[in-house]
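Enquirer: All chains should be built: construct the whole structure from the sequences, respecting the hints.
The chain contents come next:
Protein chains: 2
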Amino acid sequence: MVKEFSDQYIQISRSTLINKLEKQLSKKRFEHVLRVEEMALKLADHYQADEERASISALLHDYAKEMSETDLLAYKDHPLFDSEWLNYGSAIWHGPLAAFIGNDQFGITDEQILKAVWGHTIGEFDMTLDEKILFIADYVEEGRDFPGVEDVRAMAFKDLDKAVNYKIKNSIQHLIEKEQMIYPKTILIYNDWVKKEN
Amino acid sequence: MVKEFSDQYIQISRSTLINKLEKQLSKKRFEHVLRVEEMALKLADHYQADEERASISALLHDYAKEMSETDLLAYKDHPLFDSEWLNYGSAIWHGPLAAFIGNDQFGITDEQILKAVWGHTIGEFDMTLDEKILFIADYVEEGRDFPGVEDVRAMAFKDLDKAVNYKIKNSIQHLIEKEQMIYPKTILIYNDWVKKEN
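Respectively, the protein sequence lines represent chains P and Y.
Note that our numbering has the first sequence beginning at 321, numbered continuously upward.
Note that our numbering has the second sequence beginning at 321, numbered continuously upward.
I should point out that these hints are in silico values taken from the structure, not numbers from a laboratory.
The list treats identical chains as interchangeable, and a pair is accepted whether it falls inside one copy or across any two copies.
Simulated pairs of lysine-lysine, DSS-like, Cα-Cα distance not exceeding 30 Å: (1) Lys348 <-> Lys482; (2) Lys396 <-> Lys515; (3) Lys516 <-> Lys396; (4) Lys385 <-> Lys489; (5) Lys482 <-> Lys516; (6) Lys498 <-> Lys516; (7) Lys516 <-> Lys362; (8) Lys505 <-> Lys489; (9) Lys435 <-> Lys343; (10) Lys385 <-> Lys348.
Owing to the predicted nature of the structure, the values given are computational and were not obtained by experimental measurement.
Expert: Written out as structure tokens, the structure is:
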């Protein structure tokens with residue numbers, strides 16, 4: 321599975337990106353990221369998506385997860401920066417921050433990769449195949465062990481949309497059970513899915 | 321419990337209001353309304369709230385529940401009318417519509433009553449005692465039989481805020497289980513409560 325990048329999507333070599341990841345992340349999260357890549361490649365193969373996009377999106381997705389609000393604020397003048405993120409913590413803004421960094425520091429301009437990284441936590445309206453693959457690979461990578469994970473993992477290879485819907489719904493329920501705040505866009509995305517189903 | 325109104329809050333007599341309710345609502349809902357009033361009066365007595373306000377709010381709360389969107393649109397030029405309601409159905413707008421009618425047709429100007437009726441479905445930020453009483457009376461009136469209702473009914477007389485929080489949380493979970501759309505303000509109110517708890 322591990323292969324060199326083609327220079328089509330990213331300006332640094334795969335080994336440089338892997339080295340950066342290893343320095344940037346705790347061992348536990350670094351290993352999670354590698355497992356997400358593995359799952360994303362399996363899904364890309366299954367659904368005939370671009371494997372290099374799947375790989376880069378997966379490797380980049382949690383790059384900013386352990387960064388501070390200060391790192392985010394370096395992008396406060398970016399036209400896509402939303403100050404509302406600051407009310408909801410890194411669980412919400414680490415996707416957009418990784419997309420900013422991917423573009424700014426790694427020279428990624430491919431919109432599918434940047435969008436997939438941006439929206440990997442809460443999803444998006446009208447997700448592309450690349451976005452769905454990362455969204456679900458992150459949810460069902462082989463290290464995940466929440467109740468029902470095996471069913472969702474099987475579902476991911478049978479009906480990717482169904483798996484996306486499952487994750488959107490269950491993530492909200494999980495937040496409510498833990499009595500944690502819900503980023504409002506999460507509900508707009510949930511509503512959009514309900515509208516399409518009915 | 322049944323008593324005549326004092327003319328302090330409403331321009332029609334209690335029996336006129338009851339007659340109007342009976343004509344406006346199905347038998348099942350009319351009986352629900354009377355049970356909500358009974359529970360609201362018990363809670364008002366327990367928490368030393370104004371019983372007449374509790375009674376009028378309860379009797380009025382579902383007055384518009386079986387009305388059509390056309391009835392709502394009669395108020396489309398009202399400064400408090402929100403066209404977003406139309407995307408979420410009568411489950412969302414029947415409270416505001418009952419408040420418009422209470423003010424416009426029954427001459428109610430008391431802000432506590434109108435606010436309680438307005439927000440009885442999804443709650444509100446910083447709810448007053450009157451709002452909380454109707455919100456919970458509607459949830460735990462003696463005809464309700466969802467799993468755990470007896471616990472919430474007991475909770476209502478022990479810790480009204482806890483019961484309010486319980487209803488806000490469980491109503492969202494219930495909507496997700498039924499795969500129904502969630503009115504976005506519901507989540508802002510939920511988040512406000514989470515913020516206060518932590």
